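Enquirer: Protein chains in written order, with the working numbering: chain A, -5 to 129; chain B, -5 to 129; chain C, -5 to 129; chain D, -5 to 129.
Rather than coming from a laboratory, the hints here were simulated on the basis of the structure.
Hints may contain errors.
No copy is singled out in the list; a pair is fine if it fits within one copy or between any two copies.
Unchecked claim - In silico DSS-like links for lysine-lysine, alpha-carbon gap of 27 Å or less:
| id | residue 1 | residue 2 |
| --- | --- | --- |
| 1 | K72 | K115 |
| 2 | K57 | K40 |
| 3 | K107 | K40 |
| 4 | K57 | K107 |
| 5 | K29 | K107 |
| 6 | K72 | K124 |
| 7 | K121 | K57 |
| 8 | K57 | K72 |
| 9 | K122 | K57 |
Here the structure is a predicted model, which is why all the values come from computation and not from measurement.
One letter stands for each residue in the lines below.
4 protein chains.
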Amino acid sequence: MYTHIVQYYETDKMGIVHHSNYIRFMEEARVDFFKSIGFDYREFEKMGIVSPVVGLNNIRFRKPSTYGDEIQIEVRVKSFNAWVLTLDYAMRLGEDLIFDGQSSHCFLSSEGKMIAVTEAKFPEFHKKLKELIVE
Amino acid sequence: MYTHIVQYYETDKMGIVHHSNYIRFMEEARVDFFKSIGFDYREFEKMGIVSPVVGLNNIRFRKPSTYGDEIQIEVRVKSFNAWVLTLDYAMRLGEDLIFDGQSSHCFLSSEGKMIAVTEAKFPEFHKKLKELIVE
Amino acid sequence: MYTHIVQYYETDKMGIVHHSNYIRFMEEARVDFFKSIGFDYREFEKMGIVSPVVGLNNIRFRKPSTYGDEIQIEVRVKSFNAWVLTLDYAMRLGEDLIFDGQSSHCFLSSEGKMIAVTEAKFPEFHKKLKELIVE
Amino acid sequence: MYTHIVQYYETDKMGIVHHSNYIRFMEEARVDFFKSIGFDYREFEKMGIVSPVVGLNNIRFRKPSTYGDEIQIEVRVKSFNAWVLTLDYAMRLGEDLIFDGQSSHCFLSSEGKMIAVTEAKFPEFHKKLKELIVE
Chain A
-5 MYTHIVQYYE TDKMGIVHHS NYIRFMEEAR VDFFKSIGFD YREFEKMGIV SPVVGLNNIR
55 FRKPSTYGDE IQIEVRVKSF NAWVLTLDYA MRLGEDLIFD GQSSHCFLSS EGKMIAVTEA
115 KFPEFHKKLK ELIVE
Chain B
-5 MYTHIVQYYE TDKMGIVHHS NYIRFMEEAR VDFFKSIGFD YREFEKMGIV SPVVGLNNIR
55 FRKPSTYGDE IQIEVRVKSF NAWVLTLDYA MRLGEDLIFD GQSSHCFLSS EGKMIAVTEA
115 KFPEFHKKLK ELIVE
Chain C
-5 MYTHIVQYYE TDKMGIVHHS NYIRFMEEAR VDFFKSIGFD YREFEKMGIV SPVVGLNNIR
55 FRKPSTYGDE IQIEVRVKSF NAWVLTLDYA MRLGEDLIFD GQSSHCFLSS EGKMIAVTEA
115 KFPEFHKKLK ELIVE
Chain D
-5 MYTHIVQYYE TDKMGIVHHS NYIRFMEEAR VDFFKSIGFD YREFEKMGIV SPVVGLNNIR
55 FRKPSTYGDE IQIEVRVKSF NAWVLTLDYA MRLGEDLIFD GQSSHCFLSS EGKMIAVTEA
115 KFPEFHKKLK ELIVE
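Next comes chain A alone, as it looks inside the complex:
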């Protein structure tokens, strides 16, 4: 579980967190999630692999959050097929679900070519992600 503490500069004139910032909180939580399962995103980059966001789906801004709030973010693997990884996010303030949604990612080499994260080529990472798929 990742915690983001809302900064003043993340609020807007409605007095609440600007919606675009949740997309950034997703990234923070994602990086933390990878780290928690043993994969440091910086290590990927050193190997010449980047994993850009290719899509966002079912993003729901359910309740507002504001300055000083501690947002708890849960990340789960929704699907993974070597070419595309889809993660699911739930953000909460206490018991209240304030945000949920999914991000999809591909894997690119330093030349910008699509990489298949197969069991043969990336055994540990592949296995770990397969194990973690929910439902």
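Use these hints to put chains B, C and D onto chain A, whose structure you have.
Expert: Just chains B, C and D now, with coordinates in the frame of chain A:
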């Protein structure tokens, strides 16, 4: 058609626009769209009406953009039923579609209550949005 | 001492943290500093007091930082005279000083009027800040 | 003269533009200034030259601006000595000066080495900047 010129501070270490910024470009284009059909968002706010984003759907980051690029953004009304407005966005660099997706919005009073944008209460705005629905 | 862990979205196409973000890190560290001396910025806001930044001085970007770096930020009181508070910041990566500079702040009521943070009106806060002045 | 139209996402919960964003507006205006005197920043980058901000001085946030405001930004050359360029900025809403300050820049090669922008090596750019020094 709205044009966003990519700023240096909108890029990230991949050398391209950070994906979260497209959500901000959607907002810029939306404000411009409302203005183009005769509704200044600041006027809404003066009347005590805000229109927060409640959802994002089918967001696709198709191709990268980078510093200095001129992104053309087209906004269209996908659906509107007095409670929820859904807008559709297409962003292009020249002929290339680089981004598409939808945002959904509700309408809130200054006390945070849901407002129905009915024909009776908001005749001009209601009529205009109904007319503009595509398909 | 406050720690900011650099996020991916804070980098730019030079591969390093965009300079504007250090101004945001100053804010994060300042809020944490106030909290550490017993003053929660949200409490000020509830009392109708805000403390905007009125100036930045001697800002030096000495060395770059990048994604994943843990920046240690030290905040000290440089001067305070009831109307204006000046804070001094030093940011470090390990032993390396990467950033230093000052911010100046006034105090405003909810009507936007200047407030003097005198010993008579704000005894604890006044005393604490006076005590903490360095040199 | 460069114009920045304030976006909703640039405001904070005080209802005004967050101070860190003015540092970004400085960058926008600087890029535009270079372009106006015949130097496209992207061309520098293609030649392997970057010009990072090394300092900010005498930054004064004099009056607030908010959503929808059209900020006029004037950029002038304050000093230039082949190693360091200092620019001066004045931002106005109508007649009102709302912001002023300076940024200093060095020049780096793609290997991160300091470059001297001498008359011998960069005759046009050097001459232009020398001519434009105010006072």
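Enquirer: Quick one: K122 to K57, C-alpha cut-off 27 Å, is that within a copy, between copies, both, or neither?
Expert: Classified as neither: same-chain Cα gap 33 Å, cross-chain 29 Å, threshold 27 Å.
Enquirer: My question is about K72 and K115: at a cut-off of 27 Å on alpha-carbon distance, are they close within one copy, between copies, both, or neither?
Expert: Within one copy only: 22 Å inside, 43 Å across.
Enquirer: Are the CA atoms of K57 and K107 at most 27 Å apart within a copy, between copies, both, or neither?
Expert: between (39 Å within a copy, 13 Å between copies)
Enquirer: Given a CA cutoff of 27 Å, do K72 and K124 count as a within-copy pair, a between-copy pair, both, or neither?
Expert: Answer is within: at 10 Å inside a copy they meet the 27 Å cutoff, but 37 Å across does not.
Enquirer: First find the shortest C-alpha distance between K107 and K40 inside one copy, then the shortest across copies, and answer within, between, both or neither for a cut-off of 27 Å.
Expert: both (16 Å within a copy, 23 Å between copies)
Enquirer: When no copy is named, should K121 and K57 be tagged within, between, both, or neither for a Cα gap of at most 27 Å?
Expert: Classified as neither; 36 Å inside a copy, 29 Å across copies.
Enquirer: I want to check one pair: K57 and K40. Are their C-alpha atoms no more than 27 Å apart within a copy, between two copies, both, or neither?
Expert: So K57 and K40 pass the 27 Å test across copies only (21 Å; inside, 38 Å).
Enquirer: Reference check for the pair K57 and K72, CA-CA at most 27 Å: within, between, both, or neither?
Expert: both (23 Å within a copy, 24 Å between copies)
Enquirer: Between K29 and K107, at a C-alpha cutoff of 27 Å, which is it: within one copy, between copies, both, or neither?
Expert: Close inside one copy (24 Å), not across copies (34 Å); limit 27 Å.
Hint compliance for this structure: hints 7, 9 are not met, and every other hint is.
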